[in-house]
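Quick note on our numbering: the sequence shown kicks off at 11 and runs consecutively.
Rather than coming from a laboratory, the hints here were simulated on the basis of the structure. We put the beta carbon where it would ideally sit given N, CA and C, even for glycine. Mixed in with the good hints, there may be bad ones.
As the list claims (entries may be wrong) - Each pair of labels, with its calculated beta carbon distance range: (1) K21 - G72: 26 to 34 Å; (2) L148 - K44: 17 to 25 Å; (3) E33 - L148: 39 to 47 Å.
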Amino acid sequence: MIDVEMPPSYKKYFQELDEKVNELYKIAEKAREKGLDPMLEPEPKITRDIAERIEKLIGPEGITERMRELGAMDRRAMSFKVAREIALGKFGSMEKEAAADQAIRTALAIMTEGVTIAPIEGIPEIKIKKNPDNTEYLSIYLAGPIRPAGGT
């Protein structure tokens, strides 16, 4: 449990919730081990905060800690800063197109607080293409409808 100042009765309540969720998750894992479902693991990933949720949802590995470091920053500013860092290789070396893809999806997840499907399903493809003068540009394909209600 993340350490937040609260009355002892609240702390006890959240600890009990945490224990019960973990207990139920273990039951779900055992059920899935039987192989009766297409997935062998329960789909929902247990996370404690937005940063952890985003890392488990879309990545990259290590983004949880960085987001916590930037916690006081405005969400929009954080999304651009993190996207730049990913694109520049701070979270591991990737091909340019893969880095752009990861940067954009992670930034979108930050903007939507990891609660919408937009970073996964809203962008089916990201490509780096060339202009007639041989300079590069980013081509982002969007799955419709893109609307403000979805946070995209």
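Against the structure, the hints come out as follows:
| no. | hint | in the structure |
| --- | --- | --- |
| 1 | K21 - G72: 26 to 34 Å | holds, 29 Å |
| 2 | L148 - K44: 17 to 25 Å | violated, 45 Å |
| 3 | E33 - L148: 39 to 47 Å | holds, 46 Å |
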